[in-house]
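In order, the protein sequence lines correspond to chains A and B. Oh and the first sequence: position 160 is 159 in numbering that gives the first Met the number 0, straight run, nothing missing. Oh and the second sequence: position 151 is 150 in numbering that gives the first Met the number 0, straight run, nothing missing.
Since the hints were made in silico from the structure, they are not lab data. Certain hints may be false.
Chain A side only, calculated, beta carbon under 7 angstroms to chain B, not exhaustive [claimed, not checked]:
| # | residue |
| --- | --- |
| 1 | Phe-45 |
| 2 | Ile-54 |
| 3 | Leu-57 |
| 4 | Arg-62 |
| 5 | Tyr-121 |
| 6 | Trp-122 |
| 7 | Pro-123 |
| 8 | Tyr-124 |
| 9 | Arg-134 |
| 10 | Leu-144 |
| 11 | Glu-148 |
| 12 | Gly-192 |
| 13 | Gly-193 |
| 14 | Ala-194 |
List of simulated lysine-lysine pairs, DSS-like, C-alpha gap at most 30 angstroms [as the list claims (entries may be wrong)]:
| # | chain 1 | residue 1 | chain 2 | residue 2 |
| --- | --- | --- | --- | --- |
| 15 | B | Lys-320 | B | Lys-332 |
| 16 | A | Lys-85 | A | Lys-178 |
| 17 | B | Lys-191 | A | Lys-70 |
| 18 | B | Lys-380 | A | Lys-191 |
| 19 | A | Lys-66 | A | Lys-178 |
| 20 | A | Lys-176 | A | Lys-66 |
| 21 | B | Lys-271 | A | Lys-85 |
| 22 | A | Lys-176 | A | Lys-191 |
| 23 | A | Lys-70 | B | Lys-380 |
| 24 | A | Lys-191 | B | Lys-320 |
Examples of chain B residues toward chain A, derived with CB under 8 angstroms [what the hints assert, rightly or not]:
| # | residue |
| --- | --- |
| 25 | Thr-66 |
| 26 | Val-74 |
| 27 | Pro-85 |
| 28 | Pro-126 |
| 29 | Val-128 |
| 30 | Arg-184 |
| 31 | Leu-196 |
| 32 | Thr-265 |
| 33 | Lys-280 |
| 34 | Arg-282 |
| 35 | Ser-327 |
| 36 | Asp-370 |
| 37 | Tyr-374 |
| 38 | Pro-377 |
| 39 | Gln-381 |
A quick note: this is a predicted structure, and the numbers were derived from the prediction, not measured. Think of the CB as a built atom: it goes at the ideal place given N, C-alpha and C, for glycine as much as any other residue.
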Amino acid sequence: MQGNTTKIIGSMVVFAMLSAMNPKVSQQRPDPLLADTLSQPGHFGFGRPATEAEIAALDIDVRPDGKGLPKGEGNATEGKAIYALKCAGCHGATGTEGPNDRLVVGDTTQGRARRIKAIGNYWPYATTVFDYIRRAMPFNQPGSLTDREVYSLTAYLLHANGLWDEKAGLNAKNLPKIKMPARDKFVPDDRKGGAEIR
Amino acid sequence: MQQPHDKKTLISSGKMSRRNLLAGAAAASFVLVQTASGKAFQAALTASELADDPTKVPGVPPGVLGTRSPFEKPVKTPSDTSSRTPLQDLHGIITPSDLHYERHHGGVPAIDPSKHELVIHGMVDKPMVFSLADLKRFPSVSRIAFLECSGNYRGAGDGKIRPQEICGLTSQSEWTGVALSTLFREVGVSPKATWFLAEGGDAAVMTRSVPVHKGWEDAIIAYAQNGEAIRPEQGYPVRLFLPGWEGNANVKWLRRIELADAPFMTREETSKYTEAVGGGKIRQFSFTMDARSIITYPSYPAKVEKGWIEIRGIAWSGRGKVTRVEVSTDAGKTWQNAALQEPVLDKAIVAFRYLWNWDGSSTEIMSRAVDETGYVQPFLKQLLAARGGNMGYHFNPVTAWYLQGDGQVLFKAT
Numbered sequence: 000m001q002g003n004t005t006k007i008i009g010s011m012v013v014f015a016m017l018s019a020m021n022p023k024v025s026q027q028r029p030d031p032l033l034a035d036t037l038s039q040p041g042h043f044g045f046g047r048p049a050t051e052a053e054i055a056a057l058d059i060d061v062r063p064d065g066k067g068l069p070k071g072e073g074n075a076t077e078g079k080a081i082y083a084l085k086c087a088g089c090h091g092a093t094g095t096e097g098p099n100d101r102l103v104v105g106d107t108t109q110g111r112a113r114r115i116k117a118i119g120n121y122w123p124y125a126t127t128v129f130d131y132i133r134r135a136m137p138f139n140q141p142g143s144l145t146d147r148e149v150y151s152l153t154a155y156l157l158h159a160n161g162l163w164d165e166k167a168g169l170n171a172k173n174l175p176k177i178k179m180p181a182r183d184k185f186v187p188d189d190r191k192g193g194a195e196i197r
Numbered sequence: 000m001q002q003p004h005d006k007k008t009l010i011s012s013g014k015m016s017r018r019n020l021l022a023g024a025a026a027a028s029f030v031l032v033q034t035a036s037g038k039a040f041q042a043a044l045t046a047s048e049l050a051d052d053p054t055k056v057p058g059v060p061p062g063v064l065g066t067r068s069p070f071e072k073p074v075k076t077p078s079d080t081s082s083r084t085p086l087q088d089l090h091g092i093i094t095p096s097d098l099h100y101e102r103h104h105g106g107v108p109a110i111d112p113s114k115h116e117l118v119i120h121g122m123v124d125k126p127m128v129f130s131l132a133d134l135k136r137f138p139s140v141s142r143i144a145f146l147e148c149s150g151n152y153r154g155a156g157d158g159k160i161r162p163q164e165i166c167g168l169t170s171q172s173e174w175t176g177v178a179l180s181t182l183f184r185e186v187g188v189s190p191k192a193t194w195f196l197a198e199g200g201d202a203a204v205m206t207r208s209v210p211v212h213k214g215w216e217d218a219i220i221a222y223a224q225n226g227e228a229i230r231p232e233q234g235y236p237v238r239l240f241l242p243g244w245e246g247n248a249n250v251k252w253l254r255r256i257e258l259a260d261a262p263f264m265t266r267e268e269t270s271k272y273t274e275a276v277g278g279g280k281i282r283q284f285s286f287t288m289d290a291r292s293i294i295t296y297p298s299y300p301a302k303v304e305k306g307w308i309e310i311r312g313i314a315w316s317g318r319g320k321v322t323r324v325e326v327s328t329d330a331g332k333t334w335q336n337a338a339l340q341e342p343v344l345d346k347a348i349v350a351f352r353y354l355w356n357w358d359g360s361s362t363e364i365m366s367r368a369v370d371e372t373g374y375v376q377p378f379l380k381q382l383l384a385a386r387g388g389n390m391g392y393h394f395n396p397v398t399a400w401y402l403q404g405d406g407q408v409l410f411k412a413t
């Protein structure tokens with residue numbers, strides 16, 4: 000069964016195009032629970048205030064504008080060594096071989112080029128690379144890397160995708176400024192129900 | 000046997016109870032397995048262990064947990080990262096909790112509920128910490144709604160593929176918890192907040208950005224599923240539930256919500272749960288699950304005989320109620336309305352059925368769902384045409400089954 004099953008997910012065509020990412024968000028607050036909650040107090044007083052220290056301990060996200068990036072820096076040379084030790088086993092010697100996610104675009108003329116969703120041709124923000132490595136990688140030891148190691152790995156992967164200099168230090172200031180090739184390809188959801196298929 | 004107080008009372012009264020009689024007789028005639036909790040159940044009965052006439056032998060006594068008949072063995076199909084619901088083996092609209100599909104990004108975490116907390120901070124008046132007990136004190140809400148992974152379409156060239164493989168990352172439960180709007184009021188969400196980050200406490204510390212309006216509308220911080228605590232695979236002890244929205248955004252093992260004025264652009268919402276739609280564009284934040292249906296009977300690997308067949312299936316829409324399901328028994332030339340089994344709920348799976356007298360000649364049967372926005376479930380070729388020839392997430396084509404003259408049922412792409 001498994002051998003005959005075609006897994007169809009995430010194939011894509013990439014052409015250059017310009018379109019600003021502008022997620023439109025409704026500000027309205029329709030409240031279907033209103034009938035339920037009309038008599039509710041404004042506050043129940045359950046729970047307790049969060050301290051700044053406990054928020055800081057959990058608040059590890061990094062945003063596209065760089066908010067959340069820690070101090071310090073790293074570089075691709077150091078990152079290459081860490082990658083060989085902790086990442087190559089799953090992502091391949093050069094980030095293209097797998098068996099798990101392809102990180103480096105590499106040669107797109109071979110095989111299933113339409114399916115390549117690597118950092119260099121698909122990821123719209125460089126900050127996401129740092130955020131994801133720090134929170135979830137390596138898969139068997141998530142959250143074990145130091146901030147310097149994460150900066151270095153990010154620098155190496157960006158370098159391997161042709162987006163960062165091998166020697167340059169990567170830090171909270173310059174990481175958010177890296178313009179990712181795929182940035183302008185992303186458009187917000189335009190499906191809205193009704194007769195049209197989108 | 001497992002209720003000593005009950006038993007003691009009965010013995011002291013000097014009477015032999017039906018319960019004890021049953022227990023003793025059952026122990027002699029069935030294979031009983033005693034677990035640590037004192038549970039007795041019918042373990043894997045073989046033909047030789049079955050009573051010739053069950054009306055002549057007392058059965059097993061009541062137990063502390065119910066069991067599935069040893070003759071029924073529905074199972075999910077796991078891969079490294081997901082496990083699929085056996086849609087073709089189920090009836091009605093509720094997925095048994097142990098058969099609910101799974102999709103996770105760092106395995107199922109082991110969480111002590113007494114230590115689990117939900118922190119809400121960012122653009123709020125009062126950053127707060129809520130324990131599970133705190134969350135349960137708030138007014139509760141329940142609703143029956145489907146959950147579906149947006150990467151939920153497979154085909155097979157040889158047709159030998161079950162509903163479980165085609166779209167088994169769809170399940171439905173009754174979810175109970177506290178409305179996120181209640182917590183938003185409690186912490187005082189800023190009117191300027193437009194997005195919130197939801198973060199899980201799993202090994203992937205998985206994150207998604209969600210528009211704040213969904214939180215005000217119908218999001219639930221769910222701690223229960225089908226009447227009991229959420230299962231670990233579904234986010235125990237607490238998950239985000241967003242009715243009608245793609246599974247990935249329904250962050251499990253929820254530990255943190257951060258209010259902000261822009262999306263966070265996490266890995267899942269940039270490099271993963273996005274789809275190429277032609278012209279070089281990649282669609283992002285496509286949360287809503289469009290309407291879909293599938294005939295679950297007859298379907299591969301069933302074999303059918305000519306004569307009356309009740310065609311059965313399920314349909315759902317993330318945009319509201321399913322208003323109609325149409326069935327074709329002539330490869331899409333003509334369509335008839337199927338009967339929708341009550342209840343027909345908002346953003347929920349509805350069961351449909353269509354009675355058909357098959358003359359035994361080979362044909363194709365298929366179903367398509369129509370929802371209250373007027374959306375009609377498309378064919379594969381319509382989806383491909385609308386998306387520049389790309390497949391990917393949010394792929395909900397009509398599923399056709401080819402009935403051979405010999406009664407074999409095979410998947411056929413539309």
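Hints versus structure:
1. Taken as an interface hint, A:Phe-45 checks out: its beta carbon lies about 5 angstroms from the nearest beta carbon of chain B, inside 7 angstroms.
2. The interface hint given for A:Ile-54 holds, since its Cβ lies 5 angstroms from the closest Cβ of chain B, which is under the 7 angstroms cut-off.
3. The interface hint given for A:Leu-57 is met, as the beta carbon of that residue sits about 5 angstroms from the closest beta carbon of chain B, less than 7 angstroms.
4. Given hint, A:Arg-62 at the interface with chain B, holds; its Cβ is 5 angstroms from that chain's nearest Cβ, closer than 7 angstroms.
5. Interface hint status for A:Tyr-121: upheld, as the beta-carbon distance to the closest one in chain B is roughly 6 angstroms, under 7 angstroms.
6. The beta carbon of A:Trp-122 comes within 5 angstroms of a beta carbon in chain B, closer than 7 angstroms, and the hint placing it at the interface holds.
7. Taking 7 angstroms as the C-beta cut-off, the interface hint given for A:Pro-123 holds, the closest approach to chain B being about 5 angstroms.
8. The interface hint given for A:Tyr-124 is met, as the beta carbon of that residue sits about 5 angstroms from the closest beta carbon of chain B, less than 7 angstroms.
9. Interface restraint check: A:Arg-134 against chain B, minimum CB-CB distance 4 angstroms, threshold 7 angstroms, status holds.
10. Taking 7 angstroms as the C-beta contact cut-off toward chain B, the hint placing A:Leu-144 at the interface is violated, the least distance being around 13 angstroms.
11. Because the beta carbon of A:Glu-148 sits about 17 angstroms from the nearest beta carbon in chain B, more than 7 angstroms, this interface hint is broken.
12. For A:Gly-192, the interface hint holds, the least distance from its beta-carbon to any beta-carbon of chain B being 3 angstroms, beneath 7 angstroms.
13. Because the beta carbon of A:Gly-193 sits about 5 angstroms from the nearest beta carbon in chain B, less than 7 angstroms, this interface hint is met.
14. For A:Ala-194, the interface hint holds, since its Cβ comes within 7 angstroms of a Cβ in chain B; the closest pair sits about 5 angstroms apart.
15. The hinted pair formed by B:Lys-320 and B:Lys-332 meets the criterion: a straight-line CA distance of about 26 angstroms does not exceed 30 angstroms.
16. The hinted pair formed by A:Lys-85 and A:Lys-178 meets the criterion: a straight-line CA distance of about 27 angstroms does not exceed 30 angstroms.
17. In summary, the hint linking B:Lys-191 to A:Lys-70 is supported, as the alpha carbons are separated by about 29 angstroms, within the 30 angstroms threshold.
18. Proximity of B:Lys-380 to A:Lys-191 is assessed by CA-CA distance (about 20 angstroms); at most 30 angstroms being required, the pair is judged to hold.
19. Proximity of A:Lys-66 to A:Lys-178 is assessed by CA-CA distance (about 17 angstroms); at most 30 angstroms being required, the pair is judged to hold.
20. Between the alpha carbons of A:Lys-176 and A:Lys-66 the distance comes to roughly 12 angstroms, so the proposed pair stays at or under 30 angstroms and holds.
21. For the hint linking B:Lys-271 to A:Lys-85, the alpha-carbon distance of about 22 angstroms falls within 30 angstroms, and the restraint holds.
22. With a C-alpha separation of about 34 angstroms, the suggested pairing of A:Lys-176 with A:Lys-191 is violated against the 30 angstroms cut-off.
23. For the hint pairing A:Lys-70 with B:Lys-380, the CA-to-CA distance comes to about 51 angstroms; that exceeds 30 angstroms, so the pair is violated.
24. Among the hinted pairs, A:Lys-191 with B:Lys-320 is consistent with the structure: their alpha-carbon atoms are about 15 angstroms apart, no more than 30 angstroms.
25. Because the smallest distance between the Cβ of B:Thr-66 and any Cβ of chain A comes to about 28 angstroms, over 8 angstroms, the interface hint for this residue is violated.
26. Of the supplied interface hints, the one on B:Val-74 is violated, with its beta-carbon coming no nearer than about 14 angstroms to a beta-carbon of chain A, more than 8 angstroms.
27. Evaluation of the B:Pro-85 hint against chain A yields a violated restraint, the C-beta minimum of about 13 angstroms exceeding 8 angstroms.
28. A least Cβ separation of about 4 angstroms between B:Pro-126 and chain A falls short of the 8 angstroms threshold, and the interface hint therefore holds.
29. The criterion of a C-beta within 8 angstroms of any C-beta in chain A is met by B:Val-128, whose closest approach is roughly 5 angstroms, and the hint holds.
30. With a least beta-carbon distance of about 6 angstroms to chain A, the hint placing B:Arg-184 at the interface is held under the 8 angstroms criterion.
31. Among the interface hints, the one on B:Leu-196 holds; its C-beta lies about 6 angstroms from the nearest C-beta in chain A, closer than the 8 angstroms criterion.
32. Using the Cβ-Cβ criterion of 8 angstroms, the hint placing B:Thr-265 at the interface with chain A is satisfied: the shortest such distance is roughly 7 angstroms.
33. Look at B:Lys-280: its Cβ gets to within about 5 angstroms of chain A, closer than 8 angstroms, so that hint holds up.
34. A hinted interface residue such as B:Arg-282 counts as satisfied when its beta carbon comes closer than 8 angstroms to some beta carbon of chain A; here the least separation is about 6 angstroms, so the hint holds.
35. The beta carbon of B:Ser-327 is not positioned within 8 angstroms of any beta carbon in chain A (closest approach about 18 angstroms), and the interface hint is therefore violated.
36. For B:Asp-370, the shortest C-beta to C-beta distance to chain A is roughly 7 angstroms, which falls under 8 angstroms, so the interface hint holds.
37. A cut of 8 angstroms between beta carbons decides the hint on B:Tyr-374: the least distance to chain A is about 5 angstroms, and the hint holds.
38. At a threshold of 8 angstroms, the smallest CB-CB gap from B:Pro-377 to chain A is about 5 angstroms, leaving the interface hint in force.
39. Hint status for B:Gln-381 relative to chain A: holds, with the closest Cβ pair at about 5 angstroms, below 8 angstroms.
Going down the numbered hints, you'll see the structure goes against 10, 11, 22, 23, 25, 26, 27 and 35, while the others check out.
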